[in-house]
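Could you slot chain B onto chain A? The hints should help.
Protein chains in written order, with numbering that gives the first Met the number 0: chain A, 0 to 256; chain B, 0 to 360.
Just so you know, these hints were derived from the structure itself, not from any lab.
The structure presented is a predicted model; accordingly, all values stated were derived computationally and were not measured.
C-beta: ideal position from N, C-alpha, C; glycine also.
Hints are supplied without guarantee of correctness; some may be wrong.
A partial selection of chain B residues facing chain A, derived with a Cβ cut-off under 10 Å [what the hints assert, rightly or not]:
#1 27
#2 55
#3 76
#4 78
#5 79
#6 80
#7 89
#8 102
#9 104
#10 109
#11 111
#12 146
#13 153
#14 296
#15 298
One-sided excerpt, in silico: chain B residues whose CB lies under 10 Å from chain A [stated by the list, open to error]:
#16 53
#17 75
#18 84
#19 87
#20 92
#21 106
#22 110
#23 150
#24 152
#25 250
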Amino acid sequence: MALSVGFGLAFLIVPLAIVMPLAFNGGSYLSYPLEGLSLRWFGAVLHNPPWLAAIANSFRVALGATALALVVGGLAAIGTMASRRLTAIVLWALFVSPLAVPSIVMAVALYFAFARLGLNGTYLSLVIAHALLGAPLVFVSVLNSLRGLPPELEQAAASLGASRWMRFRTVILPLTLPGFLTGAIFAFVMSFDEVVIALFLVSPETQTLPIALFAALRDRLEPTLVVVALSLTLLSGLLIFALARLRRSAAPLGKDQ
Amino acid sequence: MSGAAGRLDIVGIDKHYGAFHALRDVSLSIGRGEFVTLLGPSGSGKTTLLRILAGFETVTGGQVLLDGRDITSLIPERRDFGLVFQGYALFPHMTVFDNVAYPLRVRRVPRAEIARRVGELLDLVQLSGLAGRRPAALSGGQQQRVALARALVFRPEVLLLDEPMSALDKKLRGDLQQELRDIHRVLGTTFVNVTHDQEEAMHMSDRIAIMNRGVIEQFGTPAALYRRPASRFVADFLGKSNILEGVLEAGAGGPCFRGGGLAFPVPGAGRSHGPVELMIRPEDAALGPAAATGGDVEFTARVCESTYSGDRTLYTLAAPGLDRFLVYSRAGGGAAQDIGATVTVSFPIRECAVIGASSPV
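For reference, chain B alone in the conformation it holds in the complex:
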C-alpha cells in the first residue's frame, strides 16, 4: 500500500508578525519521499514554517510549490497533506475507527473500502484491537498512533509532523521513532517533521534543516551537519563540540592554525589567512600523548570536571588559552582521572572541521 509522494519547494518565504520577523527569506527543497526534519530551538520559526506548509498561516512573501504547482494560498482542506498535531487533536467524541475513517468519509469513499483501508492502517500502527475505543481510553503512545493512522489513511503526498513525540516519555519515544521510520520506508510518502530534539532529528531524518531566528542555518544529512557544521550555531546545537578560535597563517606546508595556545597545520583549510573557528568533537580527542592515541596535536590540561555515564566518561578540561575542552574517554581503558589532575590530551588533525567550510580539513 505504498502512497504517492510529493516534492516540496519552499521559495524565499518571509513571515512577519507585526514587528517580529518570524521567517527571513527561507528556501528549502524537499525531495519526493524524503524524510526531512526542521530542527531548532523554540522561537526559531520551525513551527511557523510547518504551519505555512499546512496552510494555517499566510506568508508575507515567497511561495510554496508542490510538484512545481504554487499552493501558497491554497486552503488547508484542499492541500491533501496529512498532519499530526503536537497534542494529536483526536476527535474526543469519535471512536478510534471513526477518527481514522474521518478523512475517507469526508471524501465520500464507499463504506466497504473505508472499512478495509482503516483496518489496513490500524494494522500498520498496531492498534487493530482498539478500533472501538474512545481516544480518552488510550495511552499517549496509542493516541499518537491513531493520529498517525488518521493522517495517512487518505494517502497524502506529504505528511507533516508537529513535534509528534514531545508529549511522550523517553523510552516510548525511541520505539515510536523506529516505527515512524519503518512506516516512512513502507509508504514512501514525503515526511516533514518539526522538533527541538536533536537526537530524534538525527535518528529519523534523511536530511535536517537547522533553523535559528527565522533562517535556515544549514540543510543537509545528519552526518554532514555533525561533521561539517556551516556555523558556530550548528556546531553547538548538534551534540557536544570544542570550538578553537584563532587565525590561519601561511606556513611551510600550507595553512597553519594558531589559537588557544595551540599551533598546527590544517592542510585542507582552503585559505591561508584570516580568523577561523575549528571544531573538534569530544569523541575524536583522547586522553594520552599523541603517539599513544594516534593523534597529531597534543597539549597538557587540568581536569575541571568529570561526568561518568557507564560506557564512557566526559572530562571537562582547561588549559592556558582554552577555557573549556571536552574529551570523551572510554570507560574500562585507563584509570579514571581525578579532578585537578594534570593530563595530556591529543587529537588527530583530520578530524578537525573548519566551521563554515563545505569540506573536511
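Just chain A, same shape as in the assembly:
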C-alpha cells in the first residue's frame, strides 16, 4: 500500500520537482547545477511585454469562455432536468459529446468554420471554441447538483406564488451554486491550459499563455519558461484546492434534506 502510493507520487511529482527549482536559477541555462538562487527570472517575466500580453490574453479568453460555458451549460442542465427520462438521456449524450471528440478534430473543424466566418485569430473565436469544451463540464456539474435538489423545493416555491425565474433566482441557484462554481472552475482551468485548439485559432495578437510557452520553447530555452510553467501550475493547483473546499461545503447542504 505505502509502496504503491509512494511509487504513484514519485511518478507524478518527480518530474515537476526536478524542473521547478530551475525557475530560481541564478544563471541563464535550463540545467543543473543551479548557479545560485535568484528571483531574477520572475522579474524578467513581469517586465517582458510579450509574456504579459499572453497572460492577459489567457485571462481574457478563459473568463469569456467560462461565462459563455456557464450560460450554455447551465441552461442545458436545467432543460435536461425538466425533460422526460428518455429525452433527458439523449440530451445528456448530446451535451457531453464535445468532450468525446478528439481536440485535433475539433480544432480543424473550428478552424475551417471560423475561417468561413472570418473570425480566425479573433478573441471571439477562442472564447467560442473554449466555451464549447467548457460547457459540457459546467453541464455535468450543474446537472449533478440539480439532481441532488429535492423537487419539492421548487414545487413549494411555485405553490407560494414564485414565477419560474423567481424560483430559479431565490431557490435553485443558491442551492446549486457549488455546482455552478465547480463547473466554472473546470471550464476556466480547461481554457487556461488548452493548447491544441488555440494553436489553430490564435493570431500573434491573441496568443495565449500555453501557446507563448510553446513558441518560447522552440526559440530559446530560458528559465522564464519554467517561471511561467510554475505559475500556471500554481494557478491550477489553487483552483483545484478551491474545488475541494467547494465539495466539502456543498456536502452538508445535501444532508439537510
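Chain B in isolation, oriented as in the chain A frame:
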C-alpha cells in the same frame, strides 16, 4: 386575522398514468371554510387528487372549480393555494423568518407589513423565538409549524396538506392535530388534508372522503362514515367492525335477517329480500345475555383471543357460522374470560347498520 375561504368543486376528474387508471370519475364538493380529509390506503389516488388541486398534475378529464371558476389548467403559482408538503420542503438556505416571508416577498408586500404578518403567523404557530434559525436547527414538529406558517401567511383561500403528520411521532401528532384544528377555527380557511391515518382523519375533519382504487367510496362526516358505511371497504377501513353476511327475508313484523347462524328482524332495512351485509361495531356488542346487557340478539361463542389495553379488553370470538366476532368489554366490570371459554354475546338491533343503506336500521 381571519382569511378568505374558497369553495372547491371537483367535477368528474379522470387521471391515467399510461395504462394505470389513478382516478376514476371523481367528484367532490368542498364548502367554504370546510376541513375535508382525503383518506385512503396508499395507491388509492388521494395524493394524486391533492396534486391535481395544487396544479402539479394535469388531468385526463374533468374539471376543478374554485368558487365556480375553472382552474383545471391554471399553473400552481397562480392558484394562491397554501400547500404543506409531506417532508415540509422548507428552504434550507433561509432562516425561519425568510421562509415564512417568502410568499410575501414574491408578492412584493412592503417590508414593514412583511415583518408584521410574519410575526403574526409565527405567534400563531408558537415559534416567535426561533425566527433567526435555519430549518436544519429545528425539530420535526417545529419544521412542520414553519411549513404551516409559510403556507398560510399570504392568506390563501385554500390550504392543502399532504400527509402533514406522517413524519412525526404519535404524541407530537396528537398535539399538532389539536393545533391544526384551532388554526382552522381561527382562520376559517378551507382545508384539504390527505392522510392514510384514520384516527387523524376522524379527529380533525368536518367531512372525510374515503378513497379506494381511484374512486371515492364515501364522503361524509366522521360519524356518518363510522355509523353508516356505504361499502364493506369503508366499514373495514374505519375502526374495527363485525360484518354479518346473510339474506333479508319477509317476516311477520317486516324484513328479517338470516345469516351467520343468526336470525333476527331488521325493521329499518328498507327492503325485504336479497343478500345483505350487516355491520355491528365491537363496542356495541357485549358479553352477557341480552336481558343483562340491554341487547336484542344473543348467541354463544368461544373465546379465541383476548387483547387487554387497560381501559378495555378486545375479545375475538368464534361461533358456528361466524368465523370471527369482535367484542369490546369494559375492564373492571366482570371477570376476564379465558381463551377457549364459552361465553354469551349480545347486541341491540338498533346499533346494526345495513352496509350501503343511507339510514340506520
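- [ ] Please flag the earlier hints that this structure goes against, numbers listed from lowest up.
- [x] 1, 10, 11, 14, 15, 22 and 25
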